[in-house]
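*Asks:* These protein sequence lines are chains E, Z, P and B, in that order. For the first sequence, this note's numbering begins at 1 and goes up steadily by one. For the second sequence, this note's numbering begins at 1 and goes up steadily by one. For the third sequence, this note's numbering begins at 1 and goes up steadily by one. For the fourth sequence, this note's numbering begins at 1 and goes up steadily by one.
Honestly, the hints are just simulated from the structure, not real lab data. Yeah, the Cβ is synthetic: ideal placement off N, Cα and C, and Gly gets one too. Among the hints, a few may not be true.
Derived, one-sided and incomplete: chain E residues facing chain Z with beta-carbon distance under 7 Å [what the hints assert, rightly or not]:
1. Thr63
2. Lys135
3. Ser171
4. Glu175
5. Ala178
6. Gly196
7. Met197
8. Leu201
9. Lys204
10. Ile207
11. Met212
12. Leu215
13. Val223
14. Arg249
15. Leu256
Cβ-Cβ distance ranges computed for the label pairs, FRET-style [claimed, not checked]:
16. E/Arg273 <-> Z/Gly184: 50 to 60 Å
17. Z/Lys203 <-> P/Val73: 39 to 49 Å
18. P/Glu263 <-> Z/Lys14: 50 to 60 Å
19. E/His88 <-> P/Gly246: 19 to 29 Å
20. Z/Gly120 <-> B/Lys141: 20 to 30 Å
21. E/Glu277 <-> P/Val60: 27 to 37 Å
22. Z/Lys203 <-> B/Ile27: 53 to 63 Å
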Amino acid sequence: MIDLSVCIGKSTFKNPVFSASGTFGYGVEYSDFFDISRLGAVIVKGLSIEPVKGNPGPRIFETASGMLNAIGLQNIGVKNFVSEILPHLRRLDATVIANVYGKMEEEYAAVAAILDDAEGVEGLELNISCPNVKKGGIVFGQDPLAASKVVQAVKKETDKTIIVKLSPNVSDITEIAAAVEDAGADGISLINTLLGMVIDLDKKKSILGNVMGGLSGPAIKPVALRMVYQVSQRVSVPVIGIGGIMNERDALEFMLAGATAIQVGTANFINPRISEEILDGIQSYFDREEIERVADFTGTLKT
Amino acid sequence: MIDLSVCIGKSTFKNPVFSASGTFGYGVEYSDFFDISRLGAVIVKGLSIEPVKGNPGPRIFETASGMLNAIGLQNIGVKNFVSEILPHLRRLDATVIANVYGKMEEEYAAVAAILDDAEGVEGLELNISCPNVKKGGIVFGQDPLAASKVVQAVKKETDKTIIVKLSPNVSDITEIAAAVEDAGADGISLINTLLGMVIDLDKKKSILGNVMGGLSGPAIKPVALRMVYQVSQRVSVPVIGIGGIMNERDALEFMLAGATAIQVGTANFINPRISEEILDGIQSYFDREEIERVADFTGTLKT
Amino acid sequence: MFYSGRIIDNLPVSDKHYLMKVSTPFIQPFIPGQFVMIRAWQGTDPLLPRPFAIYSWDVVGGQNVLQIVYKIVGRGTVILSGLHRGDEIQINGPLGNGFIEPEDAEKFILAGGGIGFSSVFPVALHLKGLGKEMKIILGAKTDKDIPPASSVGAKSLEGDVTYTTEDGSMGFRGLVTEVLEKEIEDIGTGSRAEWAVFACGPTEMLSTVKVLSAEKKIRAFLSLENFMACGFGVCLGCVVKVAAPGGYQHVRVCMEGPVFSSEEVIFDD
Amino acid sequence: MFYSGRIIDNLPVSDKHYLMKVSTPFIQPFIPGQFVMIRAWQGTDPLLPRPFAIYSWDVVGGQNVLQIVYKIVGRGTVILSGLHRGDEIQINGPLGNGFIEPEDAEKFILAGGGIGFSSVFPVALHLKGLGKEMKIILGAKTDKDIPPASSVGAKSLEGDVTYTTEDGSMGFRGLVTEVLEKEIEDIGTGSRAEWAVFACGPTEMLSTVKVLSAEKKIRAFLSLENFMACGFGVCLGCVVKVAAPGGYQHVRVCMEGPVFSSEEVIFDD
Ligand SMILES: Cc1cc2nc3c(=O)[nH]c(=O)nc-3n(C[C@H](O)[C@H](O)[C@H](O)COP(=O)(O)OP(=O)(O)OC[C@H]3O[C@@H](n4cnc5c(N)ncnc54)[C@H](O)[C@@H]3O)c2cc1C
Ligand SMILES: Cc1cc2nc3c(=O)[nH]c(=O)nc-3n(C[C@H](O)[C@H](O)[C@H](O)COP(=O)(O)OP(=O)(O)OC[C@H]3O[C@@H](n4cnc5c(N)ncnc54)[C@H](O)[C@@H]3O)c2cc1C
Ligand SMILES: Cc1cc2nc3c(=O)[nH]c(=O)nc-3n(C[C@H](O)[C@H](O)[C@H](O)COP(=O)(O)O)c2cc1C
Ligand SMILES: Cc1cc2nc3c(=O)[nH]c(=O)nc-3n(C[C@H](O)[C@H](O)[C@H](O)COP(=O)(O)O)c2cc1C
Ligand code: FES
Ligand code: FES
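Construct all of the structure, not just a fragment, from the sequences and the given hints.
*Replies:* Here's what the structure looks like:
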């Protein structure tokens, strides 16, 4: 019997296929397409302490094998999430990870405190690809110390499993990974989007309302694979691979490179059932290859 | 009359279309396809003080809208270049920029000293995306101090125009740009490739002989545009835009973002005449839009 | 609903427009103004599916036939235009709210600019089915931008349509909104409450319709367009501003729209 | 030479193989074993052109006709197989050195594994034209991997070919190199100097040919494959190791090859 379950911190997830924050709405939208309780975890859109309107449009644009987004972290706020969405997700029997962000470490902590009481939230994923207003807007994820502090502040508020999601826009991803591991992260997910820009030549204008946005999709997969490989060589907590995963073969490559679990992002827009299909694909691959547990496969890459 | 010439340091180039190092061989190969003297500059494959065999294969692999390469900077060495190739390039009347790299700053300086005497070399482009063996292999381009020292060392050996080519694998590209400008760079070119990795699932093996390689092509264009924009806001020396330029529209976007000139890389493999076509395309665009000089267009992006 | 369809027919109806008939595994009642996301290519460039209004979706000769009318504007639509009978495409939808006519509206003006006719015709056919009175105004830059109604299976509407082109090559010379303004003025101010306007077209046109509707005191509904990544509400990429207590809020064109009351939409300039 | 061609015919010659005829703006003398880089798609995924041996390049019925034979193995070749008469493709070539027969060789053994026949046949036709004696060995996993010589315009060679398949479904059961070894042994050691072997196929096959050629003291030339980005010597992506003073050096399959003397090539394991 094949066991696809994976452990991260105190949590056991039924399989390694998670949805990536911001590409899966609040999860419920996908229940029109498949049974979302089948996923290892549903990671919902990033939540902040107060509702956020987000950036002016245009917010998205297609690029070669990728897309840029500058949503500006629009969300209904953690309290509305807990009161309005979470009950629905619980009825759907989904395993929920709340993606959390803030403009300063106190905001992360405040969101964590609210989620700590929320039943049906298995863990938190901290999005540290946000500007730290207290440090002149330097992104938390580019500053090992600020990133560690966020983790510590959150850990004080909750015992739930804490995953830290890294920004790829750094010189040395392993440095920041090691810092958040030391600060107590139970798992590390990567990568968030690469910072990019698109221009409308005819209007001589940058296209996105926010000028810059985050690049996702197959275009970034080689960078993501490299970083997952580097980070999993460096840390001992489980690593969750993200970036351009379009099918089960992509997912399995990330696992070979060292990922215990993976997240499906942009691919959800193209095929809303893709995460279920990837799960089935991994299952058949493990069957075929007679791999009994995820741990027997993760990180077995030859170089 | 439209004037496409651009100035970088003491050099005037007849137009802003250059070939990117490593994608244009030693230049002469392309004379089978078009008159390479038409290009603003031919930037040749990276030269080191001694000949270098480069990495074992496989060295290249295709990715979504991109490719990874790990050539390992194979080259015939600067002396052979000067004696065997340069005369040929001079006969072809090409404007030549020599791309230069080293494992320590002394090597850069040594190559520069040899090129200083070489007639027919208009300028040097310093590739600082290489590991600094004296600093435990940290890439020069990730370390503002090391990068500055390379520039200073080279400047001591030659008065030729010095362009510094930045690595995009950094947290803050403007910091390194400012550092090399302060150290005396006459121009800044970016981006070099993004570090990535590809995996063969069937063999459970990383594909490239060198495990990691550099991502180029349209996939990286949004990242390159963003960095060109950021750097050109920060420095006052001319910026040369590189990354995924496939046609004249891409080239013009880089110029809007702040590039004085551009380099065509991976696109040369797909269409060996593409750099000439891009030049013609820019020319017609300037005609149509009645833009008289490159400086009237560079950096005119509205945001 | 996410499923595959197979091309039955994919034929040009003008220089730039194609009518695509797709056989689908089922049919589903849809509200005119709703749309589908379509992807019809291998590889990841282009990456995202593209939105198209549902032109019709009926059982025809025992087959479930979904129709869309599209204009070639870029890479995705170029690929669509090269598809042949039997080729497979991926479809997500029906999506969006569609146009639900206000209960107390008896008469309608439907205004389509450019490719906007592809939403106007299904709305018109629906209203015609309900026996409503209506006027249709279709406009474009030039005659080539408007395929004849008969070529897109809307012959029964031909009598109701007023054409207008910017270069005067077909019908009136001028903008859709100029004709619309006259049509509204022809309606006595007293009877405007029975009327509703439905408009689909470029943003500049829709923002003029909003102004007209406010000035002339006539209800208007606008079908908006925006870049879309998902089309089903999960990416938050397609938002527009609508009036809300304390200013505005961002709502999704693909879920809360594409059809909005003209009062609520806020057009940035 | 970089130019566009137009598909004349693109027909399956077996389950997995296609023969493509392309009309080109000119013809150019080529050396058998040379290749072209071909790209036939819009968009940037797939990105790079793909290398294919020149199967023939002749004036046929007043047209300049370039032929390639290809096997569907991945995204690029799937796209190629979907092309229709009239579609345009980009071509770069002829490229590479090709097989230049040693002046003192009178007799040849040509060995092709898998798709290797697409280089073997043009070499064979060329040698036949020179009146040389030859034996051809073609092998594959199973019969489906070998289109009949007649289907690829090589009927005149049919009598010279020995087939071998790993599953015995066609000709001998076994590897090309097993048949090759027997053929070489049939040649008296004294007369081997008149002979030369040309081999094209998977790396494992070629490395066995190298060993055989050294053991049996018979000249061999190997046509190598490698990933290629440019195909004309500028990216340094396609290098292999060849013997050089002081060990080895990296040379380009696309320029110094694809055909190498078996003595010089160093196969890493
Ligand atoms: C709800 C909705 C319904 C639509 N219904 C129809 C229809 O019935 N028939 C029809 O022909 N078109 C319709 N469109 C527009 C259609 O989606 C775009 O023309 C199409 O996505 C362009 O794809 P492309 O790959 O050919 O062009 P691209 O190469 O992607 O772009 C070409 C040009 O079109 C613009 N563009 C791209 N995507 C969009 C978009 N989503 N909205 C507006 N502009 C865009 C780009 O900025 C660019 O200038 C609809 C759009 C929406 C949002
Ligand atoms: C000099 C030369 C001549 C060739 N002549 C022919 C020919 O006449 N007929 C023919 O059918 N094929 C020929 N090939 C092989 C052909 O180039 C590949 O099969 C083709 O590039 C695969 O493209 P794809 O997009 O379909 O596959 P991809 O999707 O790119 O890859 C499918 C599989 O093929 C492998 N592959 C991809 N590119 C190459 C390559 N360049 N070399 C080896 N393996 C590769 C990949 O690793 C993968 O396993 C030749 C190759 C070379 C180098
Ligand atoms: C439209 C969009 C919105 C996103 N929003 C969030 C977010 O709120 N929080 C977050 O941590 N990551 C967010 N991401 C990043 C994704 O979770 C993921 O890390 C990234 O897209 C790379 O994966 P992919 O290539 O599979 O999409 C968003 C991505 C997209 C495309
Ligand atoms: C095969 C290959 C070899 C390269 N070699 C060099 C090199 O020797 N020196 C250098 O500075 N950049 C080198 N580059 C980087 C390119 O010059 C360029 O910066 C990069 O490819 C991005 O541009 P592109 O997307 O247009 O290819 C190489 C790139 C490729 C693809
Ligand atoms: S297109 Fe994704 S939310 Fe509307
Ligand atoms: S393929 Fe580029 S050098 Fe051979």
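*Asks:* Take the hints in turn and mark each one as holding or not.
*Replies:* To see whether the hints hold, each was checked on the structure:
no., hint, result
1, Thr63, "holds, 5 Å"
2, Lys135, "violated, 13 Å"
3, Ser171, "holds, 5 Å"
4, Glu175, "violated, 10 Å"
5, Ala178, "violated, 16 Å"
6, Gly196, "holds, 3 Å"
7, Met197, "holds, 4 Å"
8, Leu201, "holds, 5 Å"
9, Lys204, "holds, 6 Å"
10, Ile207, "violated, 10 Å"
11, Met212, "holds, 6 Å"
12, Leu215, "holds, 5 Å"
13, Val223, "holds, 5 Å"
14, Arg249, "holds, 5 Å"
15, Leu256, "holds, 6 Å"
16, E/Arg273 <-> Z/Gly184: 50 to 60 Å, "holds, 57 Å"
17, Z/Lys203 <-> P/Val73: 39 to 49 Å, "holds, 43 Å"
18, P/Glu263 <-> Z/Lys14: 50 to 60 Å, "holds, 58 Å"
19, E/His88 <-> P/Gly246: 19 to 29 Å, "holds, 26 Å"
20, Z/Gly120 <-> B/Lys141: 20 to 30 Å, "violated, 54 Å"
21, E/Glu277 <-> P/Val60: 27 to 37 Å, "holds, 31 Å"
22, Z/Lys203 <-> B/Ile27: 53 to 63 Å, "violated, 41 Å"
In this structure, the hints that do not hold are numbers 2, 4, 5, 10, 20, 22, in rising order.
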